[in-house]
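Using the hints, put the two chains back together into the complex; each one sits in its own frame.
Each chain, letter by letter, is given below.
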Amino acid sequence: MIHVDNLTKFYDHFCAVDGISLDIRKGEILGLLGPNGAGKTTTLKMLTGYFRPSSGTITVKDLNIVEHPLEIKQMIGYLPESSPFYRDLLVYDYLNYIAKIRGIAPEERHERIKYLSELCGLNHVMHKSIAELSKGLNQRVGLAHAMMRDPEILILDEPTQGLDPNQIVEIRNIIRKIGEEKTVIFSTHILSEAEATCDRIVIINQGKIVADGGTETLKQSADSQAIIQITLANATFETIEQGLKSIDGVEAIEKLDDPAEGNLSVKLTCRSETDRREAIYQKIKATDWILLEFHQERQTLERIFRDLTRQLNKEN
Amino acid sequence: MRQLTHILEKEVKDFFVTPIAYIVIAIFLIVTGWFFFSTFFLYNQASLRNFFNLLPLIFAFVIPAITMRLFAEELSRGSYELLMTMPVTFGDIIVGKFLAGVVMTAAMLAPTLAYPISVSFLGQLDWGPVIGGYLGALLMGGAFSAIGLFASSITHNQIVAFIVGAAICFTLVLIDKMLFFIPESLLNGIQYLGTGFHFSNISKGVIDSRDLIYFFSIIIVGLYGTYLLLLRKE
Chain A
1 MIHVDNLTKF YDHFCAVDGI SLDIRKGEIL GLLGPNGAGK TTTLKMLTGY
51 FRPSSGTITV KDLNIVEHPL EIKQMIGYLP ESSPFYRDLL VYDYLNYIAK
101 IRGIAPEERH ERIKYLSELC GLNHVMHKSI AELSKGLNQR VGLAHAMMRD
151 PEILILDEPT QGLDPNQIVE IRNIIRKIGE EKTVIFSTHI LSEAEATCDR
201 IVIINQGKIV ADGGTETLKQ SADSQAIIQI TLANATFETI EQGLKSIDGV
251 EAIEKLDDPA EGNLSVKLTC RSETDRREAI YQKIKATDWI LLEFHQERQT
301 LERIFRDLTR QLNKEN
Chain B
1001 MRQLTHILEK EVKDFFVTPI AYIVIAIFLI VTGWFFFSTF FLYNQASLRN
1051 FFNLLPLIFA FVIPAITMRL FAEELSRGSY ELLMTMPVTF GDIIVGKFLA
1101 GVVMTAAMLA PTLAYPISVS FLGQLDWGPV IGGYLGALLM GGAFSAIGLF
1151 ASSITHNQIV AFIVGAAICF TLVLIDKMLF FIPESLLNGI QYLGTGFHFS
1201 NISKGVIDSR DLIYFFSIII VGLYGTYLLL LRKE
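Residue numbers (my numbering), protein chains in the order written: chain A, 1 to 316; chain B, 1001 to 1234.
Same shape as in the complex, but just chain B (with noise of 0.2 Å):
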């Protein structure tokens, strides 16, 4: 356990000592910023509803990205193995870099707090979807992590892990967008499927266990899968 924590430790320290950290974030305030600001004042409503609306299609590509890195870069310079041989399991080694790229996750979301506060100024702002929806991005965000942990230990290019992981998250975020093309008896499970339906539900401020089930049972597969994959490796 105690590895655990230094392993956490030191990808959160790494992520931030290089400038991919600041990189990730300055883009995707950037584009969650002006896609939501752009529109924010024509609907005349003091609701977060577009930026959570957002959140999806950006964490497919912002999060893979984030995660490229975790095992990709340790398979490709021979780290991975000093990693093995030392007294840690695999258990402490996933799940630490998986909470690393929870952390980073938030560390991402943190300053997007600002847009409620702003704009909680400009109107009645109503604090229960906006909680509700920062609950469903980390949940969110914690579903993306472990796939893209996932692809990032099928291969020791981080490219490669990169587009593995942005594509599996991307088609979870777009399956439920493409239901007009589904016959009607499989309708609801691929709509089970769909990120967006589960995080608009959360965001809505709904908290259902079905949702919540959804996210987490995303992350242990993710994880089990990696499990899966570093097993094969010795």
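Bound conformation, chain A alone (with noise of 0.2 Å):
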């Protein structure tokens, strides 16, 4: 549906956006991640053919965007990062002029307004002016304003950003329910969001994707060391250490704060490639020792945000 081939833009002499190339399937609900300056705007705003590629193609249904913007414009529906409207018209006069622009017919426009100041929650604001409304209510216009024209592919910078948690679950919703049939695009630095909603995440980090997949597949990918934490009774950290270390692959043990009076917890760092969980257990079972808990930790997905991200930074 939209294939992206080595893109990249330079504000003067900084590169936002280094060599990106993606492939985006139609339907697909895609996470683009990135802390902030990664190039994550710039990158939503080259695919809604507002800023011009300095260079790299993107093609959306076999189209460039540079030879042909109004009919890919026509099919993207795009909802900026901060919702900058016409502060001084009504709701109702703003989404009716969208719809004018959008181009749909004279009779068609009440009907499509009203299905969406439904759909994002607007009934009760529709005669307010721009101005008046709160954060939330304006991401919800932007919202209603990216939906105007059915588009096929929906571009979303941030689109939960300044919305109390109720309004959040209820904007994910949606975009779920856009995404059955339609592609989205959303960029967001909030983690749990994106592990929530996509399907795909992309992760960026100055200008260059670091990470491209499923979330299931990054955190297996990412998973290169795991992370045991046991607690026991009855038992010292000397003889623990003396005890585990001599596991194959058991790389380093550190001692926890104490739970309670008594307990010892401790992590363990392992080498992932085989699991030593058995063997841990097996050397366990030998001792005296009492075991109150036993758990290897998961990737989350904010570690391997953390670990790409910073890892990156740190080498410049």
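Everything labelled a hint here was simulated from the structure, so no lab data went into it.
Quick caveat: nothing in here was measured; it's all calculated off a predicted structure.
Just so you know, even glycine gets a beta-carbon here, dropped at the ideal spot from N, CA and C.
One or more of the hints may lead you astray.
DEER-style ranges, computed between Cβ atoms [said to hold, decoys possible]:
1) A:Y115 / B:I1027: 42 to 52 Å
2) B:G1091 / A:A105: 17 to 27 Å
3) A:N123 / B:L1174: 37 to 47 Å
4) B:V1221 / A:S129: 32 to 42 Å
See below:
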């Protein structure tokens, strides 16, 4: 559906986006993650045709964005980062104006606006001026704006920014609902959000893609170390260290703060090619320690994100 | 093309829902009314020549005030981004906004039709120069709107847009009043640049293609300059 090839954007001499290549399939919900200033917004702005790429190409349905901007803009609905609207207009007038520019026939306009106002929960503010709206309501107006022409591709720049938790859930549900038939691309820096809504996650840092895949594949690929946490009673740290260090693959043993009187928690860092849990259990079984807790930490998206982005920032 | 009319419609509506329209029109009417009628009875002539003589100078300030927000406001608020991500061409946006400026100029001139009507009761008014004068005023309004639009696309600060626009218009109005500084060889060229020279031709009732070409070329240069500036923002 969307094919991005070696996309680069320079602001004067600063390279904001550096050779990004992506293939986005129809019906995919793609989350664009990255720290501040990573190039998320710039990438989205190029996808919408607002910025001209310094080099590289974007094709949507085999149409090049530089040669056919109007056709592509007709297919895309876009919600910018800081919902910038005409503050003097009433919400209804604003949506009506958008409907006109988007080329919706006069007899369908009213129906369409009514449908969108219900979908985005704008019914009670239709006759207020945009300047009076709260941040969350503004964001909903933006969403209605983006979906005006029932676009095939929806590009949302931090859609849940500034919303309260209930609204965040609502917006997520809307995104997921739209994503059943449409292609949705959105940027966020809230990781749990990406995990909850996206089919696919692309992490970018300093203008480059550092990870690309479904949430599960990302987690597995980043698992180079397994972290196992054990809580024991009736043992001292020295004996545990002696006992467990001998297991092949255990790289480090670290004492954690005492959870309760007489108990001892340790964190084992193991290489993850093979599962060490059985060996560790057998070792513990052979002693007279009392095993209270035993669990292997799963890689969270947050850790992957931090590892990937920090590592690169350190190199530079 | 349909997008163009929607943009035009929205800009004109915007202008009239905010107080700017009424303030600008009121100031324009007070200033022209005062300067025109305070000396009108001394001349004892049923003509609008003095009114039309005032127009270039007053337009040089008033029209940039009307057009200053057309792009500057959108740029500062970021709604320009929304506009550009909708299926509209640069041509639609620029011409739509330019025509909105012309419509506002016309709306501002409309109440002054009371002047020729009341003057015609006082004596024999020659309608030829009056019609020429209003036609010229619209052409000049168009030329200054194009300049104002260009100034508005330079910056996202409306005050800067106003000052730049007014400075360019003011220069064009004054340049042919400064001819005594100019060496003789450049005289014709410089005089041709002056708005007042062309406007006074038309407001005498003489419609010459050279004057029309002058106004239309300013409009085209202004709009093309705006286009080039917007292109750079990509």
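Here is how each hint holds up against the structure:
no.: 1; hint: A:Y115 / B:I1027: 42 to 52 Å; verdict: holds (45 Å)
no.: 2; hint: B:G1091 / A:A105: 17 to 27 Å; verdict: holds (23 Å)
no.: 3; hint: A:N123 / B:L1174: 37 to 47 Å; verdict: violated (56 Å)
no.: 4; hint: B:V1221 / A:S129: 32 to 42 Å; verdict: holds (37 Å)
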